[in-house]
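Q: Chain by chain, the residues:
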Amino acid sequence: MAAPDLTLSFAEHAAAGRKLLVPYVMAGAEPDWIDTIEALSLAGADAIEVGLPFSDPIIDGPTIQAAGIRSLEAGTTAVSALAELARRDIAVPLVVMTYYNVIAHLGHERFAGLAIDAGVSGAIVPDLSLEEIDGWARVCDDIGIATVLLVAPSTSPERTAHVCSRSRGFVYAVARMGVTGERSELGDEAAVVVEKIRHTTSPPVCVGIGVSTPDQARRVTEVADGVVVGSALVRRLSEGCGPDGAAAFIGELRAAIDA
Amino acid sequence: MSIMGDPGTTGRFGTFGGRFVPEPLMPACQELEQAFREAWSDPAFIEEYRGILRTFGGRPTPVTKCHRLSEHLGITLLLKREDLAHTGSHKLNNVIGQALLTKRMGKTKMIAETGAGQHGVASATAAALLGLECTVYMGEVDTQRQQLNVFRMELLGATVHAVTTGSRTLKDAVNEAMRTWVAEVEDTHYCLGSVMGPHPFPWMVREFQRVIGDEARQQLLDDEHGVPDFVVACVGGGSNAAGIFAGFVDTDASLIGVEAAGGAAVTTGSPGVLHGMRSQLIQDDQGQITEAHSISAGLDYPGIGPEHAHLDEIGRARYVSAGDEEVLEALQMLARLEGIIPALETAHGLAWIIREAGGEIPHGSTVLLNLSGRGDKDVAQVRAILRGEG
Numbered sequence: 024m025a026a027p028d029l030t031l032s033f034a035e036h037a038a039a040g041r042k043l044l045v046p047y048v049m050a051g052a053e054p055d056w057i058d059t060i061e062a063l064s065l066a067g068a069d070a071i072e073v074g075l076p077f078s079d080p081i082i083d084g085p086t087i088q089a090a091g092i093r094s095l096e097a098g099t100t101a102v103s104a105l106a107e108l109a110r111r112d113i114a115v116p117l118v119v120m121t122y123y124n125v126i127a128h129l130g131h132e133r134f135a136g137l138a139i140d141a142g143v144s145g146a147i148v149p150d151l152s153l154e155e156i157d158g159w160a161r162v163c164d165d166i167g168i169a170t171v172l173l174v175a176p177s178t179s180p181e182r183t184a185h186v187c188s189r190s191r192g193f194v195y196a197v198a199r200m201g202v203t204g205e206r207s208e209l210g211d212e213a214a215v216v217v218e219k220i221r222h223t224t225s226p227p228v229c230v231g232i233g234v235s236t237p238d239q240a241r242r243v244t245e246v247a248d249g250v251v252v253g254s255a256l257v258r259r260l261s262e263g264c265g266p267d268g269a270a271a272f273i274g275e276l277r278a279a280i281d282a
Numbered sequence: 007m008s009i010m011g012d013p014g015t016t017g018r019f020g021t022f023g024g025r026f027v028p029e030p031l032m033p034a035c036q037e038l039e040q041a042f043r044e045a046w047s048d049p050a051f052i053e054e055y056r057g058i059l060r061t062f063g064g065r066p067t068p069v070t071k072c073h074r075l076s077e078h079l080g081i082t083l084l085l086k087r088e089d090l091a092h093t094g095s096h097k098l099n100n101v102i103g104q105a106l107l108t109k110r111m112g113k114t115k116m117i118a119e120t121g122a123g124q125h126g127v128a129s130a131t132a133a134a135l136l137g138l139e140c141t142v143y144m145g146e147v148d149t150q151r152q153q154l155n156v157f158r159m160e161l162l163g164a165t166v167h168a169v170t171t172g173s174r175t176l177k178d179a180v181n182e183a184m185r186t187w188v189a190e191v192e193d194t195h196y197c198l199g200s201v202m203g204p205h206p207f208p209w210m211v212r213e214f215q216r217v218i219g220d221e222a223r224q225q226l227l228d229d230e231h232g233v234p235d236f237v238v239a240c241v242g243g244g245s246n247a248a249g250i251f252a253g254f255v256d257t258d259a260s261l262i263g264v265e266a267a268g269g270a271a272v273t274t275g276s277p278g279v280l281h282g283m284r285s286q287l288i289q290d291d292q293g294q295i296t297e298a299h300s301i302s303a304g305l306d307y308p309g310i311g312p313e314h315a316h317l318d319e320i321g322r323a324r325y326v327s328a329g330d331e332e333v334l335e336a337l338q339m340l341a342r343l344e345g346i347i348p349a350l351e352t353a354h355g356l357a358w359i360i361r362e363a364g365g366e367i368p369h370g371s372t373v374l375l376n377l378s379g380r381g382d383k384d385v386a387q388v389r390a391i392l393r394g395e396g
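Protein sequences appear in the order of chains A and B. Numbering-wise, the first sequence is residues 24 to 282 according to the working numbering. Numbering-wise, the second sequence is residues 7 to 396 according to the working numbering.
Hint data in this document are derived by calculation from the structure and do not stem from the laboratory. Hints are supplied without guarantee of correctness; some may be wrong.
If you want the footprint, here are the derived chain A segments under chain B, 3+ residues with CB under 8 Å [as the list claims (entries may be wrong)]:
| # | region |
| --- | --- |
| 1 | 92–102 |
| 2 | 151–162 |
For the chain B half of the interface with chain A, some residues (derived, Cβ under 10 Å), not all of them [said to hold, decoys possible]:
| # | residue |
| --- | --- |
| 3 | P33 |
| 4 | A41 |
| 5 | E44 |
| 6 | R174 |
A virtual CB, placed ideally from N, CA and C, is assigned to each residue, including glycine.
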């Protein structure tokens, strides 16, 4: 079975008015992480962001840092995680999220090849800025991996246009200045960022960083095409909710954004 | 680009450097680069910076000729005395520059990382002088190793934040400072302590430290030593080395950077991306950054400034290493023969000179060592080790 393609799939969903739901799972943080990904794919996720652990995750808050440490201590590597993914057919697109050194160390071509074999069709590399992305992006364009870029509250309108035109699959709108983590209040920065992106030509817009509850997800998708939920799910998994608990949480989010 | 010149808007030193930061921080890096470019060509800014270093920082620092140790080693050993600068190391040169820039950008807070505590103390000092709020991120392990420096920072009005993530040392302090910077970038400047991180930091910090090399070059001419055969400095991130190298890079002097054997990013590392820069890093076969180990907290950094990686790549500077034992011996030798107790970091440079005098350093050579910091902060640790308690 050919792996689902992020760019095609998201464009179709967006055209059909379906709000996009993208949960994040740290590869290897729990022994049954692959089962969790499968469960999420059947519970209403439109794509799944798969974190590959790095020793120095500078955009991640305490919850995802801890998951990364658990994963590294369990012996997870980019190669081992991608090999495990390759053994499963997942019904929704997979987007890897990792830091650039993990990719650079394996080499652009080798990493991209392993990712394709694993059924991955998108990549988020937060420390690879627009200015530094060319070498990696060229390889991704050639092989069919969508390079998802970030737009932040601090990004100027002019820069937003550049970032959006280079972003593939979707644009990751950073909901607020800060690292990943749950927030009780989301504030209105998310709407401002989405508005900024709406003035440009861009792929669908998903809001992430800080979105923690079904209610926040619903409010975010009133302005954006979709939502990324990371720490709120990673925390539940770290507390032992397991694949079923993860699926139930994603079901709640799905229901909220479809309401 | 001329060697040790302006790395332009991309911040590249050959294949090293660059700006590998998450999008939320890109505008801040660009704003900082522009502010620094403008300030560094503004005579009023430069005069204020130099004025503070002169009237508050104790510059120029002298060059001391070692008589007894020179005779013992069969070379002429000269010391650029950064240990005599206010706060006891070269770190003040950089933080005064960055604190002035903070104000120039209209920001009211500074955050900083620190390993041994030298940069943290210097940052707290500059913040007190210029009326800025200051928070220092320090690995929990280092707050225990350097309790007096923690108290010193607190006396100066700074808040010290013990970092409990990762290996709880310098690299994690940098991670945590960067995370905080993302959230507070609007009113906060990240006062990075070395020639590392994303552009413009490696270049900007070298420019703020080049006063060491520029002064020394003139002082050696005035004292009729001319250009030395060797210019030697210890290297963690590499700011004191960059500062003194900058004054001699256009001469025939051999430039030698001495890393800690347990943190030798150039000699045992490989290229990679960490903390916003492409440089030489200590990492495992999966690209995970590994911990550096050294007797001196200030050299416990698994990378090196990108310009040093470049100077190594093109062969203009050479990077070597020194082990804990010879470093302790060097520290004691300088204390007994010259009446100067150097910082453990600094003693790495001296250890290499002592080892190589008559070997790689031919007898009769003139050697300039950047005496980057004083050893007061290390006395308790050195005592414990020498008494077999360490």
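Q: Give me the numbers of the hints this structure contradicts, sorted from smallest to largest.
A: 4, 5, 6
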